[in-house]
Every structure is written in C-alpha cells, then in structure tokens.
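Asks: For the protein sequence lines, the chains are P and F, in the order given. Numbering-wise, the working numbering puts 235 at position 235 of the first sequence, and it's gapless, one number per residue. Numbering-wise, the working numbering puts 673 at position 211 of the second sequence, and it's gapless, one number per residue.
Hints in this document: simulated from the structure, not taken from any laboratory. There may be inaccurate statements among the hints.
[As the list claims (entries may be wrong)] Below, simulated BS3-like cross-link-like pairs (lysine-lysine); rule was C-alpha separation at most 25 Å, straight line:
id, chain 1, residue 1, chain 2, residue 2
1, F, Lys600, P, Lys244
2, P, Lys244, F, Lys827
3, P, Lys381, F, Lys838
4, F, Lys837, F, Lys827
5, P, Lys244, F, Lys873
6, P, Lys336, P, Lys381
7, F, Lys837, F, Lys851
8, P, Lys382, F, Lys873
9, P, Lys455, P, Lys381
[What the hints assert, rightly or not] Under 10 Å between C-beta atoms, here's a sample of chain P residues computed to sit facing chain F:
id, residue
10, Ala53
11, Met159
12, Leu185
13, Leu188
14, Met206
15, Leu209
16, Pro211
17, Lys355
18, Thr356
19, Ala359
20, Lys360
21, Gly361
22, Phe375
[Stated by the list, open to error] So the derived label-pair ranges between C-beta atoms look like this:
id, chain 1, residue 1, chain 2, residue 2, range
23, P, Gly260, F, Gly506, 37 to 45 Å
24, F, Met865, P, Ala459, 38 to 46 Å
25, F, Met865, P, Asp416, 49 to 57 Å
26, P, Ala261, F, Glu513, 55 to 63 Å
27, P, Ala459, F, Ile870, 30 to 38 Å
28, F, Ile870, P, Ala261, 48 to 56 Å
29, F, Ile515, P, Gly260, 38 to 46 Å
30, F, Gly506, P, Gly319, 26 to 34 Å
31, F, Lys891, P, Phe415, 53 to 61 Å
32, F, His725, P, Gln445, 37 to 45 Å
33, P, Ala261, F, Glu726, 44 to 52 Å
Just so it is clear, the structure is predicted and the values come from calculations on it, not from any experiment. For glycine and all other residues, C-beta sits at the position ideal for the given N, C-alpha and C.
Each chain, letter by letter, is given below.
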Amino acid sequence: SVEATTRIPYPGETAPEHTPTNEQIVGQGINCKPNMRLKDKLLLVLGCIIGAAVLFFHGGHGYMLSSSAGMTRGVSVHSRGSNLKTPFSHAYHQKMMMMMTHHPNRDCSHSHSHSQRVGAVAPELLAPPTKPDFSEPRFMWQALREAVDEEMERDPNVMIMGEDVGHYGGSYKVTTDLYKKYGELRVLDTPICENGFTGMAIGAAMTGLRPIVEGMNMGFLLLAFNQISNNCGMLHYTSGGQYKVPVVIRGPGGVGRQLGAEHSQRLESYFQAIPGVQLVAVSTPRNAKALLKAAIRSDNPIVFFEHVLLYNLKDEVGGPDEVQSLEHAEMVKEGKDITILTYGRMRYTVMEAVKTLQAKGYDPEVVDLISLKPFDLHTIKKSIEKTHKAIIVEECMLTGGIGASLSSEIHERFFDTLDHNVVRLSSQDVPTAFALELEAATIVQPEQVVAAVEKVMTATST
Amino acid sequence: GTMRRLLGGLPRRLPRRFRAGFSTRVHEESPPILERDPTLKRTGDVRYSDELITLDPTQIPDVPAYRVMDESGNLLHPQRNYGLSTDKLVEMYEIMGEVMVVDHVFMQAQRHGRISFYMQNTGEEAIQVGSAAALEDKDHVFAQYRELGVYLSRGFDMQQVAHQCFSNVHDFGKGRQMPIHLGASHLNLHTISSPLATQLPQAVGASYVLKRRGEGACVICYFGEGAASEGDFHAALNFASTMDCPVIFFCRNNGFAISTPTHEQYRGDGILSRAHGYGMAGIRVDGNDMIAVYEATKEAREYAVSENRPIIIEAMTYRRGHHSSSDDASAYRCDKELKWWQTNNDPVARVRMHLESLGAWDSDKEAELRQLHKKKVMKCLNAAEKAQKPPMSDLFNDVYAEMPPRLIRQKARLDEHLAKYPDDYKLGKFASEDVYKSSK
Numbered sequence: 001s002v003e004a005t006t007r008i009p010y011p012g013e014t015a016p017e018h019t020p021t022n023e024q025i026v027g028q029g030i031n032c033k034p035n036m037r038l039k040d041k042l043l044l045v046l047g048c049i050i051g052a053a054v055l056f057f058h059g060g061h062g063y064m065l066s067s068s069a070g071m072t073r074g075v076s077v078h079s080r081g082s083n084l085k086t087p088f089s090h091a092y093h094q095k096m097m098m099m100m101t102h103h104p105n106r107d108c109s110h111s112h113s114h115s116q117r118v119g120a121v122a123p124e125l126l127a128p129p130t131k132p133d134f135s136e137p138r139f140m141w142q143a144l145r146e147a148v149d150e151e152m153e154r155d156p157n158v159m160i161m162g163e164d165v166g167h168y169g170g171s172y173k174v175t176t177d178l179y180k181k182y183g184e185l186r187v188l189d190t191p192i193c194e195n196g197f198t199g200m201a202i203g204a205a206m207t208g209l210r211p212i213v214e215g216m217n218m219g220f221l222l223l224a225f226n227q228i229s230n231n232c233g234m235l236h237y238t239s240g241g242q243y244k245v246p247v248v249i250r251g252p253g254g255v256g257r258q259l260g261a262e263h264s265q266r267l268e269s270y271f272q273a274i275p276g277v278q279l280v281a282v283s284t285p286r287n288a289k290a291l292l293k294a295a296i297r298s299d300n301p302i303v304f305f306e307h308v309l310l311y312n313l314k315d316e317v318g319g320p321d322e323v324q325s326l327e328h329a330e331m332v333k334e335g336k337d338i339t340i341l342t343y344g345r346m347r348y349t350v351m352e353a354v355k356t357l358q359a360k361g362y363d364p365e366v367v368d369l370i371s372l373k374p375f376d377l378h379t380i381k382k383s384i385e386k387t388h389k390a391i392i393v394e395e396c397m398l399t400g401g402i403g404a405s406l407s408s409e410i411h412e413r414f415f416d417t418l419d420h421n422v423v424r425l426s427s428q429d430v431p432t433a434f435a436l437e438l439e440a441a442t443i444v445q446p447e448q449v450v451a452a453v454e455k456v457m458t459a460t461s462t
Numbered sequence: 463g464t465m466r467r468l469l470g471g472l473p474r475r476l477p478r479r480f481r482a483g484f485s486t487r488v489h490e491e492s493p494p495i496l497e498r499d500p501t502l503k504r505t506g507d508v509r510y511s512d513e514l515i516t517l518d519p520t521q522i523p524d525v526p527a528y529r530v531m532d533e534s535g536n537l538l539h540p541q542r543n544y545g546l547s548t549d550k551l552v553e554m555y556e557i558m559g560e561v562m563v564v565d566h567v568f569m570q571a572q573r574h575g576r577i578s579f580y581m582q583n584t585g586e587e588a589i590q591v592g593s594a595a596a597l598e599d600k601d602h603v604f605a606q607y608r609e610l611g612v613y614l615s616r617g618f619d620m621q622q623v624a625h626q627c628f629s630n631v632h633d634f635g636k637g638r639q640m641p642i643h644l645g646a647s648h649l650n651l652h653t654i655s656s657p658l659a660t661q662l663p664q665a666v667g668a669s670y671v672l673k674r675r676g677e678g679a680c681v682i683c684y685f686g687e688g689a690a691s692e693g694d695f696h697a698a699l700n701f702a703s704t705m706d707c708p709v710i711f712f713c714r715n716n717g718f719a720i721s722t723p724t725h726e727q728y729r730g731d732g733i734l735s736r737a738h739g740y741g742m743a744g745i746r747v748d749g750n751d752m753i754a755v756y757e758a759t760k761e762a763r764e765y766a767v768s769e770n771r772p773i774i775i776e777a778m779t780y781r782r783g784h785h786s787s788s789d790d791a792s793a794y795r796c797d798k799e800l801k802w803w804q805t806n807n808d809p810v811a812r813v814r815m816h817l818e819s820l821g822a823w824d825s826d827k828e829a830e831l832r833q834l835h836k837k838k839v840m841k842c843l844n845a846a847e848k849a850q851k852p853p854m855s856d857l858f859n860d861v862y863a864e865m866p867p868r869l870i871r872q873k874a875r876l877d878e879h880l881a882k883y884p885d886d887y888k889l890g891k892f893a894s895e896d897v898y899k900s901s902k
C-alpha cells in the first residue's frame with residue numbers, strides 16, 4: 001500500500017517526512033488512506049487518558065473528546081453540558097484543543113525557510129491559516145491552490161501542467177508544494193512552449209485525463225492560440241462527439257503594476273469568438289475557488305481568467321463541496337438607479353466608485369459578469385428591467401473588447417427597456433505603457449465610472 | 463572537546479544558505495531530479511578541449527535508409543525471418559489494394575462532383591499498411607491526412623470511409639469534418655485535424671496518459687516532412703524527450719509539401735538528423751519497402767514501450783499523387799520524375815513481386831482481387847451517396863457537452879427560418895431525427 005500524506009502542510013508547517021515517489025503514484029491514484037504518525041498517536045493516547053480522567057472525575061457532564069480520521073486535520077472537540085460545576089474554564093478548553101490539534105506555531109517561525117524556497121517573498125504574505133477552517137480568510141492564490149488540491153485529491157485524473165508549476169510552486173504560488181503530495185507526473189513542469197503543452201493537454205484530455213494548463217500569463221496563450229482555437233474548441237464537434245476535451249486553461253491576465261505592454265494583455269475578447277470554449281473571469285477568493293472547482297469538473301474546455309493584481313486579495317472561501325455555476329453572473333450590490341456590468345479587477349474599481357456615488361445619493365446595481373462566454377443574459381435582463389440604464393466597465397480595449405460584444409447584445413435584446421444607450425468604459429486602444437502614470441491613464445479609473453454614471457443619470461432624469 | 467569549549471557559542475556549521483557551491487535555496491526540501499538520476503546532464507556538465515572544433519554538417523554522412531527487399535521484391539537476405547507469414551503478407555497486400563482502389567475511385571468521384579474533396583495516398587501504401595501491422599489495438603494513432611491504409615488496417619472499413627467522405631448520417635464524425643479527416647474513438651484513431659503538426663504535441667499528451675496507465679501501449683504519430691517545419695514539431699519532440707513519453711514520431715518524407723520540395727523545406731539530413739538534437743533515438747527506413755517498414759515500426763514500438771522513450775522513424779518515399787484534389791502537381795514537378803518512381807519503385811508492385819516469388823500470388827489472383835475491390839468500392843460509394851445527410855437539428859450539438867441557452871435560441875431561430883423556406887434548403891437531403899437515432 002502507498003503511504004501518503006493527507007494534507008499539504010501550509011507554508012510554515014513542518015513538511016511531511018514521506019513524499020510518494022512517481023512509481024508509487026503512477027497507476028495508483030491518490031486513493032490512499034491517511035497515515036498516522038507516531039507523534040500523533042502519542043497525542044491521541046494522551047488525549048484519551050486525559051479524557052478518561054475527565055469523565056472519571058466529572059461523570060456524565062464531562063467534555064467529550066473525539067478524534068477524526070486524520071490526525072493532521074486536527075481533532076474536533078465537542079463540549080457537552082454547559083452547566084458544569086467544574087473549574088474547567090474556557091481557557092483550559094482552548095489549551096486542550098491546542099494539545100489535540102496539530103498545527104504549527106502561530107508566529108510562523110518556520111516561514112523563513114519557505115520564503116527562501118519561493119524567492120524573496122515577505123513572510124507575512126505566506127502567513128497561512130492554521131487549519132483548514134474555511135471561514136478564515138485566505139489569499140486568492142491560496143484559494144485557487146485549495147481548489148486544485150481538493151480536485152486533484154477527489155479525482156486521480158486531474159493533473160496540472162505548465163511552466164514552473166512543480167518545484168517552483170508556480171509564478172503566483174498557486175501550485176506551491178503540490179508536487180510533493182501528487183508527484184511530478186501530476187504536477188508537471190514543462191519546457192517553454194505554450195503551443196506544445198496546450199497541445200499536450202488536449203491530447204491527454206482526449207485520452208482520459210482532466211488537465212489544468214497554467215499559463216504564466218494569459219498573454220502567452222497567444223502562442224497557444226492555434227491549439228486552443230483549432231483543436232480545443234473544435235475536436236468535440238468535429239469528432240462527432242467521440243472525443244471530449246475537458247481542459248481548464250488558467251492564468252493571470254489584465255493590467256498589473258508596470259509589467260510592460262506584452263505582460264498586460266487582455267485576451268478575453270480574442271477567445272470569446274471561439275466556438276466550443278467557455279470563458280470565466282474570477283474576482284474574489286471565494287468565487288475563484290468555487291469556479292475553479294466547477295471548471296475542473298466540467299466536460300467543456302474552460303479558459304479561466306485570473307488577474308495579476310488580485311492574487312493577494314484576502315477573503316473567506318467555501319468548503320470542498322462549494323462549487324459555483326460557470327454560467328451565472330454574481331450580484332455584487334443590489335440597487336435601483338443604474339446597472340453597472342463589470343468583471344475581474346474592474347469590480348473593485350467600480351465598488352470604489354460606488355462609495356462616491358452613494359455619497360452623492362445614487363443607488364447603483366453592480367453585476368459581476370463572471371461568465372464571459374456565454375453571458376448571463378438572464379441576470380443582466382432582470383437588472384436592466386429594474387434600472388433601465390446600463391454601463392459596462394471593463395479592462396479590455398474599447399475596440400473589440402468584451403464590452404463591445406456585450407453592448408451589442410444588450411442593445412439588440414433590451415432596446416425597448418433602455419432609457420439610454422449602453423455606455424462602455426474600456427481601456428484605451430493603446431499598448432499598455434510602462435510608466436506608472438501612463439499605465440493608470442490607459443485603464444478605467446473610479447473617477448471615470450462616477451462621471452459616466454452621473455452623466456447617464458442626469459440625461460435620463462428629465 | 464577543548465576546541466569546542468573555546469569556541470563557546472559559535473555555530474557548529476554555517477547556516478545552509480551560506481554554504482558554498484550549488485544553491486540550496488530551491489532544493490532544500492527534496493533532492494533535485496539531477497541528483498536522483500545520474501544519467502541526465504547537469505548544468506555545467508561539459509568536457510573541455512584545447513582544439514577549436516567547428517562541426518561541419520557536410521562532413522557527417524547521411525544515414526542510409528533500411529531496406530529488406532530490392533525494387534523487384536527480392537529479399538536481400540532470403541534466410542531471415544521477419545515475423546510475417548505468407549497469409550499475413552497477402553492480407554496486407556489486399557489492404558494496399560484497397561487503398562489504391564479507394565484512391566482511384568474517390569478521386570474520380572471528386573472530379574465528377576460527387577464528393578467535394580479528396581486526398582490520395584499513392585506511393586505511400588507500404589508506409590501505412592506496414593507500420594499499422596506492427597501496432598497493437600491498444601496503441602493510439604494520431605494522423606495527418608495521408609494515412610488511409612492505417613485506418614483500413616485497424617478496422618475502419620471502406621464503407622465508413624465512404625460515409626465520412628460524403629459527410630452523411632452514418633459518419634462517426636456526424637458530417638462535420640472534411641473528407642478523409644477520419645476518426646474513430648473505439649479504434650483509438652484520433653479524429654484528424656487540418657492544421658499541420660497540431661497532432662504532435664497532442665500525441666505526446668496521449669502517450670503521457672498511456673505511460674501513467676502502465677498498460678504497455680504507445681502512441682504513433684504520423685506527419686509529413688513539411689509539417690516537421692512547424693513549431694509544434696519542435697515542441698512535441700522536446701516535450702516527449704524531456705518527459706520520457708512512449709511515442710513513435712513517424713515522418714513520411716515523401717519529397718513534397720504541396721509544391722515545396724525537400725531542399726526548400728530543410729537543409730539538414732532529413733528529419734532523422736533532428737532526433738540527435740532532442741536526445742532521441744531514430745530510424746531511417748525505405749518507405750516503399752513494406753516489410754522494412756513493418757520491422758522498423760515493430761522495433762520502434764518495443765523500444766518506446768519498454769524504455770518509455772520517444773523515437774523517430776523517417777520513412778523515405780515519394781508522393782505520386784497530387785497534394786489533394788485542389789492541387790495539380792504537374793505545375794511544379796516533371797513527368798519524368800513521376801514516371802521513374804511509378805516504374806521503378808512502386809511499393810505495391812514490390813510486395814506483389816515478392817509474393818509472386820514466394821508462389822503465393824499470380825496474375826489470376828490479381829485480376830480477381832481487383833474485380834472484388836472494384837465491386838466493393840462502387841457498392842460503398844453508391845451506398846454512401848444515397849444515404850441522407852445528418853439532420854439539421856444536429857448542427858448545434860456537441861459544440862459543448864450540453865447545449866447552452868444561446869445555441870438553443872440560435873437553433874430555434876434556424877428551425878423557424880427553415881420551416882418558412884424549406885425548398886431553398888433541399889431539406890429532403892437531411893435525415894430526420896428518428897432516422898438519425900436508429901442509424902447510430
């Protein structure tokens with residue numbers, strides 16, 4: 001039988017002693033039972049002794065101690081009966097929990113060794129949640145990593161491949177240490193050839209795997225466009241349904257902080273025209289995790305857009321069973337005055353503008369598109385029927401962007417409901433300059449959103 | 463002892479990050495691959511020389527192509543046994559004959575407007591039938607478009623080829639791909655895609671899966687020498703080699719890529735010479751010698767499966783037909799050259815002469831076979847032509863796993879339009895949904 005760890009320790013925890021070798025993993029999948037280590041066994045015995053002592057001294061009203069299947073996931077401690085006549089205080093209860101759970105020092109004194117491993121990253125950015133309590137906020141990159149980890153554990157056919165995803169842990173840390181748990185065949189470092197590894201993923205998908213392709217930057221997917229357009233999107237159709245291509249092509253895109261023109265591409269609209277692919281753009285850690293899980297489980301090829309500047313966003317996430325629909329938009333803020341349609345990082349630009357707008361007495365409704373292909377026209381329709389005005393705030397260029405196709409859809413379908421033409425706020429039709437001020441002037445800023453909303457509201461108020 | 467007491471609180475060893483030599487930052491937790499496998503080259507693994515050597519490719523002799531029989535079908539080493547019984551040889555010869563007759567008749571059909579497009583395999587029958595015979599059913603095939611003999615050998619029958627060329631309701635591909643872009647998942651034959659060389663990285667991906675499964679299967683990937691100029695060729699070979707994938711890269715070097723001859727396609731020693739650059743094994747074989755192709759593929763397969771390493775086979779041959787029905791080869795090559803290959807090095811003729819020398823074939827049998835094939839192909843052609851096209855309602859299926867609302871709406875609009883103008887669309891040619899379901 002294969003000895004394997006149950007959970008990747010978060011950065012800062014002590015690493016597991018045993019890494020399954022490739023030979024052990026090939027052909028076995030990861031359907032392995034968790035293994036208890038000696039330390040955990042001793043803790044368990046100690047806990048049992050203490051528990052027995054508690055029960056002995058305090059009868060039926062004592063604390064009930066139970067352990068879950070894997071010691072590394074911590075022990076759940078249930079308390080029964082709050083009307084205790086004992087001196088056991090809440091503090092003692094906490095201390096008991098500390099003894100029974102297995103987690104690293106809270107001050108993360110081990111983190112410096114990890115920070116060396118993934119390059120110069122400040123320790124506070126690596127501060128992990130101490131146990132997988134899903135109500136504790138985590139970074140978006142951690143949320144994505146959890147999604148990949150959970151799905152790889154759930155289905156041995158899921159694998160991830162791309163440049164630097166293995167030992168390096170991914171350029172944005174999304175695959176940190178996954179190679180230790182799943183081995184190098186399932187967390188595959190590839191040579192630098194986007195068309196090559198995308199093609200490889202498509203071939204593997206047609207032969208039974210469910211690969212996740214990580215593009216280091218979505219702009220590099222231009223090199224993989226042939227495989228994505230001509231094969232990924234087409235093969236299910238041209239083979240008469242005989243071959244399916246359940247790949248997820250994910251990576252960061254969008255305008256970052258002075259990354260230069262070639263690394264600030266917004267390719268959503270390029271892919272939107274391809275029949276056969278689905279496009280999803282994530283914006284929060286919660287929806288990132290839930291959508292990535294759904295995308296991995298989907299049989300369609302999904303192009304999954306993350307944003308370079310959102311990886312360090314911290315928020316709550318859902319548990320292993322929370323998946324989000326790939327085709328539905330998210331209602332960010334309900335309102336009645338005007339519909340603002342947005343996606344990705346522009347969601348935060350819009351919410352920034354909303355603060356100002358609310359102060360000025362407006363009540364905008366903000367819808368995060370999430371699904372860029374197909375558009376969730378149902379949610380958009382309901383919103384426009386309520387507000388009768390819409391503006392689109394996007395990071396794509398004005399010419400041929402996502403907003404361009406969305407604007408035409410809205411005009412064609414909801415013309416009679418609209419009181420004003422759809423206003424589109426998009427990036428300028430220029431390559432993104434490096435200079436900070438020029439870069440800021442290229443993309444939509446909150447002030448522009450405020451101005452646009454005011455203009456539309458004024459024009460329609462008469 | 464004393465030294466230690468004198469040194470007092472000084473650390474015994476310098477912290478890891480200050481140790482000289484190889485950076486330990488990245489490899490702290492697990493040993494790098496290089497330390498685990500001493501056969502792989504490390505960065506900095508170099509031998510030095512005090513002599514300035516400039517490698518001159520003209521000084522490296524071209525690798526000769528392996529052959530087993532001469533142009534007249536006589537074995538060069540009659541005492542050797544190549545593992546092909548006479549019955550098997552006859553069977554393979556009959557499949558070559560099928561390829562020939564399908565090529566001939568379907569090309570005529572295209573010229574007469576009965577099908578829209580066709581690509582012939584003339585001159586490459588030995589490559590197709592010889593290599594396919596060396597494979598097992600569990601091996602996956604990724605092809606380019608000039609591999610009809612491979613498909614026929616694997617059980618994709620002539621009738622199904624006809625159905626695909628007519629894009630009718632019985633086509634496995636549901637009439638969605640161009641003629642001769644065949645595919646059958648139950649036979650592990652991947653649907654052909656038009657863009658050149660896209661199948662190479664995909665073959666690597668598939669072989670990766672097969673390696674994981676550990677069933678002793680490999681992938682064979684066919685392509686022409688022109689497709690080998692594409693970036694995907696480099697990507698696939700580099701990936702296959704660095705990831706140890708059991709894949710046979712079978713290059714049909716047939717002299718032309720539409721009108722581009724090989725001396726304008728590359729300057730090296732064919733495609734085989736590139737294998738060395740990727741650290742891969744390679745074989746060059748006479749592509750018009752069916753038995754040699756069989757032996758080479760068998761050898762390559764064993765190597766790929768047992769070593770989990772990729773291997774190139776470059777089969778030297780000549781494309782006797784046009785590139786496709788849209789091409790006229792006389793515009794760029796002289797008739798003399800074509801006639802030379804037809805007369806002196808015909809793969810089908812070589813096998814026939816070999817069988818005749820074994821006493822297993824004669825002109826009567828030949829006439830009988832041709833009659834049989836002619837009847838069969840005409841029957842297939844007519845049956846495929848008569849069959850209806852796939853139903854219009856199938857136009858929007860299989861774009862996604864489940865039809866999304868937008869496509870449902872588009873389909874509804876099309877249905878409405880067709881109901882209004884049925885005569886303009888010759889709807890009688892299309893099968894109804896019930897016929898479609900029963901034919902599957």
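Asks: State for each hint whether it applies.
Replies: These are the hints, each one checked on the structure:
Among the hinted pairs, Lys600(F) with Lys244(P) is consistent with the structure: their alpha-carbon atoms are about 19 Å apart, no more than 25 Å. Proximity of Lys244(P) to Lys827(F) is assessed by CA-CA distance (about 45 Å); at most 25 Å being required, the pair is judged violated. Simply put, Lys381(P) and Lys838(F) have alpha-carbon atoms about 59 Å apart, too far for the 25 Å limit, and the pair is violated. Restraint check for Lys837(F) and Lys827(F): the C-alpha separation of about 15 Å stays at or below 25 Å, so the hint holds.
Restraint check for Lys244(P) and Lys873(F): satisfied, since their Cα atoms lie roughly 22 Å apart, inside the 25 Å limit. A distance of roughly 13 Å separates the Cα atoms of Lys336(P) and Lys381(P); the hinted pair therefore holds under the 25 Å criterion. In summary, the hint linking Lys837(F) to Lys851(F) is supported, as the alpha carbons are separated by about 24 Å, within the 25 Å threshold. Under the criterion of a C-alpha separation no larger than 25 Å, the hint pairing Lys382(P) with Lys873(F) is consistent with the structure, at around 24 Å.
A distance of roughly 22 Å separates the Cα atoms of Lys455(P) and Lys381(P); the hinted pair therefore holds under the 25 Å criterion. A cut of 10 Å between beta carbons decides the hint on Ala53(P): the least distance to chain F is about 40 Å, and the hint is violated. For Met159(P), the interface hint holds, since its Cβ comes within 10 Å of a Cβ in chain F; the closest pair sits about 9 Å apart. Interface restraint check for Leu185(P): the shortest CB-CB distance to chain F comes to about 6 Å, inside 10 Å, so the restraint holds.
With a cut of 10 Å, the hint placing Leu188(P) at the interface with chain F holds, because the nearest CB-to-CB distance is about 7 Å. About 6 Å separates the beta-carbon of Met206(P) from the nearest beta-carbon of chain F, less than 10 Å, and the hint is met. For Leu209(P), the suggested interface contact is upheld, since its CB lies about 5 Å from the closest CB of chain F, less than 10 Å. With a least beta-carbon distance of about 8 Å to chain F, the hint placing Pro211(P) at the interface is held under the 10 Å criterion.
Interface restraint check for Lys355(P): the shortest CB-CB distance to chain F comes to about 35 Å, outside 10 Å, so the restraint is violated. Interface restraint check: Thr356(P) against chain F, minimum CB-CB distance 36 Å, threshold 10 Å, status violated. Given the 10 Å rule on beta carbons, the hint for Ala359(P) is violated: about 39 Å separates it from the nearest Cβ of chain F. Proximity of Lys360(P) to chain F is violated relative to the hint, the smallest CB-CB distance being about 37 Å (cut-off 10 Å).
This hint is violated: Gly361(P) has a C-beta 37 Å from the nearest C-beta of chain F, more than the 10 Å allowed. Satisfaction of the interface hint for Phe375(P) is found here, the shortest Cβ-Cβ separation to chain F being roughly 8 Å, below the 10 Å cut-off. Checking the proposed 37 to 45 Å range against Gly260(P) and Gly506(F) shows it is violated: the Cβ atoms sit about 32 Å from each other. The hinted window of 38 to 46 Å between Met865(F) and Ala459(P) holds, with their beta carbons roughly 40 Å apart.
At roughly 28 Å, the beta carbons of Met865(F) and Asp416(P) sit outside the given window of 49 to 57 Å. Our hint of 55 to 63 Å for Ala261(P) and Glu513(F) is violated, since their Cβ atoms are close to 47 Å apart. Between Ala459(P) and Ile870(F) the beta carbon distance is about 36 Å. The supplied range of 30 to 38 Å therefore holds. The hint said 48 to 56 Å for the Cβ distance between Ile870(F) and Ala261(P), and at roughly 40 Å that hint is violated.
Between Ile515(F) and Gly260(P) the beta carbons are some 41 Å apart, a value that agrees with the proposed interval 38 to 46 Å. The supplied range of 26 to 34 Å is broken by Gly506(F) and Gly319(P), whose beta-carbon atoms lie about 48 Å from each other. Range check, Lys891(F) to Phe415(P): about 38 Å between beta-carbon atoms, so the 53 to 61 Å window is missed. Judged by the Cβ atoms, the range 37 to 45 Å given for His725(F) and Gln445(P) is violated: they are separated by roughly 58 Å.
Remark: the range hint 44 to 52 Å for Ala261(P) to Glu726(F) is contradicted by a beta-carbon distance near 36 Å.
Taken one by one, the earlier hints fail for this structure at numbers 2, 3, 10, 17, 18, 19, 20, 21, 23, 25, 26, 28, 30, 31, 32 and 33, listed in ascending order.
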